[in-house]
Amino acid sequence: MMEPDRTGRQVFMVGRGGQGILLLAKALAELASRKGMKVITSETHGMAMRGGTVTASLKIGSYMSPLIPAGSADMLIGLEESEAQDHLHMLRPGGVSVVNAPQQGPFDFTVDATGRALEMGSPGSVNMIVLGLAASILGFTLPEIRTVIQEISPEKFVSKNIEGVEAGFDSRESKSH
Amino acid sequence: MGKKILLGNEAIAYGILAGGANMVASYPGTPASEVCEAAMKLVKKHDLPCHVEWSINEKTAVEVAYANAIASLRSAAIMKQVGLNVASDPVMSAAYMGTAGGFLLVVADDPGPHSSQTEQDTRFFAMHAKIPVLDPSSPEEAMKMTIEAFEFSEQYHTPVILRPTTRVCHARQLLDLPAINPASRQPDFRKDPYRWAATPGPRLVLHKELNEKLARIALHEWARPKRVFGQPGARLAIVSSGVAYAYIMDVLKAFDRWPDVCVYKVDMPYPMDHSLLLRIAQAHEKVLVVEETEPVIEMQFPNRERVSGRIDGTVPNTGELTPEIVMRVLDEVTGVPREPEDGAARKQRRPSLCAGCGHRGAFYAIKKALPKGIYTSDIGCYTLGLNLGGVDTCLCMGAAVSQAAGFYHAFKNTVNPPPIAAIIGDSTYFHAGIPPTINALVTGARFVLVILDNATTAMTGHQPTPATGCVTNDYAGRTLQLEEVLRGCGVQTVFVHDPYDVKGFTEITKKAYSLSEDQGVVAVIARHPCIRDRQALKDQAVYAMDITEECTACGYCVEQFECPALEMGDERAHIDPSLCIGCGVCVHICPHNAIKAERRL
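Taken in sequence, the protein lines are chains A and B.
378 is the number of the first residue of the first sequence in this note's numbering; add one for each residue after it.
2 is the number of the first residue of the second sequence in this note's numbering; add one for each residue after it.
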């Protein structure tokens, strides 16, 4: 999915304020740009971040604008199940959803990131677990993801974040799809 | 200097420093806040001779930065669009006086609005103030325009406004980093009282000079719309600027259902070369203007017979433009039949105060202490107190205090005047609360002034305040506490209490109200650090929370306290462990004593 010579890819992300969607978006943008691809992202700041619906978008390829029109996302990443459900219309036909949910439901790829994060003793790692899964589906390797996380995480959270992405990355292997 | 993924606002900060600025002054406000933050980091990192400050408000920021510019140095003053309203006084005059060094105003607009009171269009303001305005379409272009704006400003001796919108400020793009060289210029203030201290007579001369200057600027390359897509004889010409232009280009490339279209890009929507606009209107069968948020370019067409846009309703006249809206407009204008739209209403979860936010306890206590009161409030996170019935008004920065006085005078001769509480944040109080406090005291108003002091400017991303210090890049500075300011304004009694103690805070608020009978304005500082400050969070007690069988599912806690961690189930309320920070405050809220807390740390 991530060959540089292919046409553009658009990833729409949704969650609730405080779940860390900005770091998720930033990590994916860094991953893509390190493969020599052009990226542009859009994110929510300010009032909207206080527990409200937060969205971000990442466009990889020769795009000029940061927003993704409804019905054209190649991937929808949901940090929260009901928000993901509400934004399924962002996907193009054939686009894939990658969602933090305990059950498969209407989604293509799921991981119970909330449950895993609590098991790991770091409820704030939901974004990293979902990032691990999404990045693996997008074709990035674990070493690539680790490098980016190391560079963009606040120092104190590097090891927790890496633990999170590894758990998400591995969750795909352990699940037949 | 290599490549880096930069936020639009970081790109502007790079542009400011690569453009040789010796001064950056700003007051935080979404979507502009990160420009000054990024500039401060870069100045420290590269050890640049540049003064960066978080000014007390936007008017002050502009005045400080303008002095630097008339001392022949280069300055940038940065604010959000409503901040420009606060700064409008010096900005209007600076346009007449002009500048010696480069003077750039970065004013970020927020169509939507996402995090603002209005959708006002700074390009309109620029026209009103007679200042050239640039409308970047991407972080990359914002950086380039910023660098060039300083030269432009010095060439024409005029302030320049860069007007990015939210989607430019908060977009990230992989960019080539510009070279940043320490600005080596020395200050040089040439006394010219007929300019820098002009009285009305000379101002008339300056106004005439300004008009001549604008006529020259309208011949600059930036004032000419450029055809960047399609053929010169296309049936439909789209004229666009800012991020709307980027949407147009992306949808034209992605879908080829609109043939015979060309696109003109506008870099500087004011002043514009009107003869070129006339020529565009004559060369094409139809002209569509797509811009945010008001019809600034559209209005400047000398003849609008073939022109459509916001004025004739082709483009919606409220709200942010999106790729979807742009596509719908293109279909309408070109007569392409549209597929029926999925009209499902999308739920948007409303924002609320964070779980554990100290403001929540303060609002709850104020409602308890002053029932049936009027609660005037202000701009900041705490506007979200409206979710729990603690905010009745929110007009603009500082208005909590003046509106409290206004309500007092409106009701003072009625039989049972309501108690009034003005509820304002610490940073907002420093910004615009001081003159209205003095005004209230000298006009005999009576109310409780509650200052929600979380020791930061939280909503915009934790910038410092005068009470915390560190407002500049290089001077630790003295700090100024709210208590000192309040006493200096003439407030006789200032209580300070932690709103986590809801009961105690309620008692103090009651006491303050009864004292206000004699003293007019009595202040209560609700002091609890923002829980998003990790150190502060570490320093506070943590409780393990539980809801017992005594819960009757009455819903009181969810409605009256409105903590996002509290949810209503069928039989009892629940606490979401992924959101709860264990502050323990809700224990004091439940009328059935069903919420229990056990100290963990």
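One should not assume that every hint holds.
Straight line, CA to CA, 27 Å or less: simulated DSS-like cross-link-like pairs of lysine-lysine [what the hints assert, rightly or not]:
| hint | chain 1 | residue 1 | chain 2 | residue 2 |
| --- | --- | --- | --- | --- |
| 1 | B | K254 | A | K412 |
| 2 | A | K533 | B | K5 |
| 3 | A | K415 | B | K287 |
| 4 | B | K46 | A | K533 |
| 5 | A | K412 | B | K539 |
Heads up, incomplete: computed chain B residues facing chain A, CB under 8 Å, no partners named [to be verified]:
| hint | residue |
| --- | --- |
| 6 | I6 |
| 7 | A172 |
| 8 | Q174 |
| 9 | M250 |
| 10 | Q349 |
If you're looking for bench data, these hints aren't it; they were derived computationally from the structure.
Please read these numbers as outputs of a predicted model, since none were measured by experiment.
Note that beta-carbon positions come from the ideal geometry of N, C-alpha and C, so glycine has one too.
Hint-by-hint comparison with the structure:
1. B:K254 - A:K412: 24 Å, holds
2. A:K533 - B:K5: 23 Å, holds
3. A:K415 - B:K287: Cα-Cα ~34 Å, so violated.
4. B:K46 - A:K533: Distance of about 21 Å is within 27 Å: holds.
5. A:K412 - B:K539: 39 Å, violated
6. I6: 6 Å, holds
7. A172: 4 Å, holds
8. Q174: Given a least distance of 5 Å, the restraint on B:Q174 holds.
9. M250: The hint holds - B:M250 has a Cβ within 8 Å of chain A, the shortest such distance being about 5 Å.
10. Q349: 5 Å, holds
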